[in-house]
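> Fit chain G to the given chain Z structure using the hints.
Same order as they appear, the protein sequences are chains Z and G. Residue numbers for the first sequence follow this note's numbering, so the first one is 543 and each next one is one higher. Residue numbers for the second sequence follow this note's numbering, so the first one is 407 and each next one is one higher.
Keep in mind that the hints were calculated from the coordinates and are not lab data. Accuracy of the hints is not assured; some may be wrong.
[Unchecked claim] Stretches of chain Z that chain G covers, calculated by requiring three or more beta carbons in the stretch to come under 8 Å of a beta carbon on chain G:
1) 597-610
2) 914-923
3) 957-963
All C-beta atoms, glycine included, are put in the ideal place defined by N, C-alpha and C.
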Amino acid sequence: MKKIISALCVAILLFASSGIAASADSFTHKDEPNSSTTQALSRELYEATRTISAVELGLEDSLEEVSDLHCAANGDVYILLGNSSKVVVLNPDYTFKEILAVHDADDMEIDFSGAQGVYVDTNGDVYISDTGNSRILVTDSTGLFKESWELPDSPLIPDGFQYQPVKFLKDKDGYAYIISLGCYYGALAYSPEGEFMGFFGANRVTATALNTLSYLFDMITSNDTKKEASAKVLPYSFIDMALDADGYLTVCSGKTEMWSNGKGQIRKISSGGSNILLKRQSDGSTAAADSLNFLEFSVPNKAGKNRVQDLIAIDVSADDYIFALDRVYGLVYVYDNTCNRLGTFGGGIGAGTEIGEFVAPSAMALHGTSVLVADAKAEQITVFEQTEFGALYFQAQSLTLRGDYVESQLLWEQVVEQDASCQLAYRGLANAAYSNKDYEAALAYAKKGLDYPTYDLAWQVLIKEFIARYFIWFFAGAVLLIVGIAVLLVRLSKRSEPLIKNDKVKALLAVPAHPFRAFEDIKYKKRGSLLIALIIVLLFFFSKALEATSTGFLFCQNSAQTYNVVFTMAQTIGLVLLWSIVNWLMCSLFSGKGTLKEIIIVTAYSLLPLVIYTFVYVGLSHILPLSGGALMGGIQTVLLIYTFYLLAVGMMTVHEYTFPKFLTTGVVTLICMILAICIGFIVVILLQQFWNFLYSIFMEIVFR
Amino acid sequence: MKKCVLIVMCCVLLLSMVGCSSSKAEDYPVYDENATVSNVAGGVVASNAAYELIWDETAYCVMLRDVQTGYIWSNIPYEYLQEGGLNSNVNSTVNITAVKQENLTWDSYRGYTDAVEGGKVSCEKVENGVRVTYYFESAQISVPVIYTLGANSLDVTLDAQNISEGDTYKILSVSVAPFLCSALNENEGSYVMVPSGSGSLIYATETVEGTRKYSGNVYGRDLSQAFVELTTEEEALRLPVFGVKNGDNGMLCVMKDGAESATVNVEAGNARTGYTTIYPTYYIRGYDELPTTATNKDILGGGDYYSVASSMRTSVNPTLSYFPLKGEDADYNGMAKCYRQYLESTGGLTKTPSGTNYGLTILGGAQITDSIMGFPRKATVAATTFTQAQSILSSLLENTTIQPTVRLVGFGDRGVNPGSIAGGFSFASIFGKDAERAALEAYCADKGISLFSDFDLVRFSRSGNGFSATSDVAQSASLRKANCYPIGTPQREKKLKYAYKLLSRNQLIPASKKLLSAADKANLSGVSFMSLGHLAYSDFADPAYAVKGNMQTDVSAVIKSFLDGNHAVAGGPNAYSAAASSVVFDVPTDNGGHFLFDEEIPFYELVFSGTKPIFGESINLAGDMNRALLKTLAYGANLSFSVLYEYDTDLTESDMLYVGMGANKLYSCTFSANEKLINSTLEKYGALYEKINNASMVRYTALSDSVTETVFDNGVTLYVNHSSTAADSPVGELAAYEVRY
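Next up, chain Z with everything else stripped away, as it sits in the complex:
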């Protein structure tokens, strides 16, 4: 009777589960002009279509604590129940096939409780990472024990090495790799003959200025007690690995930082052991994936705990897309091999209740185009199937990555129809339009997709075409301009009266060319004007605000959504005033002769080249290609140095300082400026708290 009921239940649930389909959170990252990224909803690439539970499979034990999932080449799915020492095998259609009876030649059952990994090679041999017993168990496809891989006896193995294998895999040439729990030397590599070759592709400790200083300080102040108490900074160990289409090992590290999600969580290791995963950034530059955060940029703090993400599983699809599973949020991240995030799905944050979310995700594997994720707490495996949109999206991106831009165009157009916010689609379309020589369209798509390199290429072509078409006019204009300037100069030289009569304006214009003389005139002949100085400061502010908001697309580094002119005001007007006041106060202690008015005038006049440059730059940014940016950047650097030179000359003149004294007072001024800013912040915070106090009293009264 019980069996009949049980069979009936299985039938009911088998039948029932097929009707369920839900899409959990699906999102991606959108690049912003200021090189940051924002989260953006995206159309679903995957949809959770069913769950597989022990009841459905007719198992006596639940799917609690699934340690690993592996999809064999023949499509069978291997589920490792580490705690109960079982490997459940499913058919490719997720129906129950068998429980792999791991036994020896005498038919004695072999226990592998605590095992954390399962792998099946192309011959059907099963490799169980028997973590608790420090070995890899190798069986044939029937579960008959073949051999056991223990800790190799090699001088390459460090003393005291704890061998706790958690993952195993073999590449197409027969080389095997083992990840040992907590091992920061990299993966253990074995030759096709089963000989230990050494460690492979270790993570590196990231050296920052802070930890270098900390290291130096520790070296200086070290003693035995301190040495005992200190923790060694070690590289992070690999958590999971997979082979990509070309046979390269792709690995993920788990939680790498205490307070942030860290960087370089995913790596692709070359045969030389270095990371060959590179990110093509929106500005066309290439960055090593070691410096890329593959996860979210913020770490929310809940009830005093930082929710730092933790990758626990990785797999690579046949068409080279990387899938990584985050344990904390229950999210599956999808990247292509140039680190473009195609999408993210899943969710639940440890308390999922609906299909497609998770409570405690524990393993992930790709099964054809489907993604299987095991949830140890919900005791089930969720099957995510690629949506029609997902298939389209992957196909389009694959073509783009291969350089088949024209072929990808139609697919990208369909992608945009379903997801009008898709940046990758616009980039694909921009590439296609450029390849089709439709440069206007390429500009429009590249702008939408924030694709600077393609925009630049199309722009260069259009500019060249424009110049070629109107070259004769440009040439004639240039000749006329030169002639006109020459005539003007000749006439001016013949004039008895100067063009500019106002001494104060003359002094201003003389500053860039003859700073010593001009500042002396300002100091001793009173030829400086506070009004002109304030106008220059205002122009400085306007030029910077204009630079932030109206620079040409290729050079724009601000998002309209995040830009706030108040900060620019503080960085220009505020900075000039703060410098002038603090410098005046400080220099009065250092026998400085300059008045506040003179300091403001000198500071403002020194900014004149920078102000002119910024206006010119804003104008040129609408014409120049990206390569012109380097030239503009160079000019800006020179002008910055020249501005500093003018400021130094001016300050030395008005205070009657020598250069060393100017340097000393300058440094003191800077330190005092920092102090003044800190005090300002404290005052603002106090005022804010006082305001909150008044507000809470007001609200108490309102609500009673």
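Quick look at chain G alone, frame taken from chain Z:
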């Protein structure tokens, strides 16, 4: 100067002290330790031609006996009672949760162990039934429950106003008749029906995973409730019903009054009791979830957050009617029929001729962050103007004769995001001039298109039109202003920047009156209440509105006032809104996919189809459009699409905000991209909708894992193959994704 400062300080202190005084102390009945208990002799206490209500004076339970069949339903399962079972769970006919005043922890008490065993149950005869009071001595709380016999039901009333409390504990919630709707795990094919979304079944089977527990809020979570974290947004129970099929018998429970304050709970496959049960828990008090601080953490149990219950109790006495079902009706199809008949008999279900139309939601715009001269500001982007909306309609009508029912959403001052209440009771000028809107109205009237303009009467973020975002705000259980936040994806953090408020409940009717006058003035043919039909919330400023109290009454009154004023109304999916409106949008076509649901059913559609046009969730917003389309067809709901004229990539910001209603995923709404889909879908399935126009769905059966059968009352039977491979059906082999009727 010194005197002035002194006077100001005194005023501040005085005002602070006024603020700290206890507010509106409620007088609730006090627990009487020496209350005398009485009992009524066992036997039939009420009867009619169909049923007898029997009181068991030893087990303190009621039984409903079917006179014709002799089958007995009891709040302690009858067969269990006969066997003399002594499981304290099964023997408890009422359970409570109370808040310990000392440390605010919640303690649960079972009726059997805390009242019955000690003989602390009092029973008295009332008209057509009995009134039973359970004295929970340890908690010093007494709970009176009245069981009466209706014409064809057992009615249970929780006399919440007369629940008495001592000083140590305060009542939080009461679970009523936990085993009245239960099925034996060993009864093959038994299940409980949960109205989550479209509807779900949970089978009465014991599994290796142990007891499966589910709890869902009727009409969704209380929007005013403060929470620390919302990791998942569960599908709401849109209908105030639940049911059970136990072998050849079934039972439907309709939560008549106070459904808003209830949760529906399921315990499936409990091996210890041998039963699968579904029952309601009524919250007598609301509560807020707040984070603990270093100073109060230890006192409050050491957790990261704690719950603080309201001092105010609900003013409603929850009432339930249990309708026994038998024979062919003892399944979810019969439950739906029973509930529809109940709605019809109580006059709560209005009927509107359907027509073979489809729903079209036109999205106006959304709020974005912008900067003007470098100063950040919130602005509204127009994605569709009135003229563009008209061009969308004319373009669609060029290709098909099927007319859409149009809903304009997000044409207020902040688009689809909360701005002023009801979008400022007008349309924002960025969407076009009044004359253009009037032209759109005239165009729709000319073409026979029903046009509904949506107004948000619940959520707002700006003061205006006499409604203040400071003072006219609903209060949560802990008497704070109910601040609501959209929930971000994927870390589900609160989007503080986009906080909005809930209109205080006593302002709901005045706001609706103002809107009615604005609608009259603007000659609006129809209005839509998307938020009012989706959301339910409390306002603890007034006991009438505590624990979502009287939401049903208020919304029904608002809708009626518009219908009486000759404005058609498009409602949302909550039962009271759907029943009263002329048409219903956003009808759920899935159950939310909770882990515990074994099967999805179109219970919602079984109730409402044929009574009025019911438009499913927009096809073009679904992750898998094909699957969504086939489900909408199989569930007998009308097709629906959401469109906008032009998508601006700035709208991504708005999409990231969890709106919780059919107004997100703007990225997939561009009309030009969806026009082909709409036309081809209508061309393919227009004939089907013509055939089932005004027909009610009477039966839905899943014939296999891919084929479903839907039977309509006009004789049309629809077969749908939901899979990508051919499948057998009673009408022959169905090709992949084929629909045959």
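> Against this structure, judge whether each hint is valid.
Checked hints:
Given as covered by chain G, the stretch 597-610 of chain Z passes the check, having 5 residues with a CB less than 8 Å from a CB of that chain where 3 are the minimum. Only residues whose beta carbon comes within less than 8 Å of a beta carbon in chain G count, and the stretch 914-923 of chain Z has 3; three or more means the coverage holds. For a cut-off of 8 Å, the count of residues in the stretch 957-963 of chain Z with a CB near a CB of chain G stands at 6, and the three-residue condition holds.
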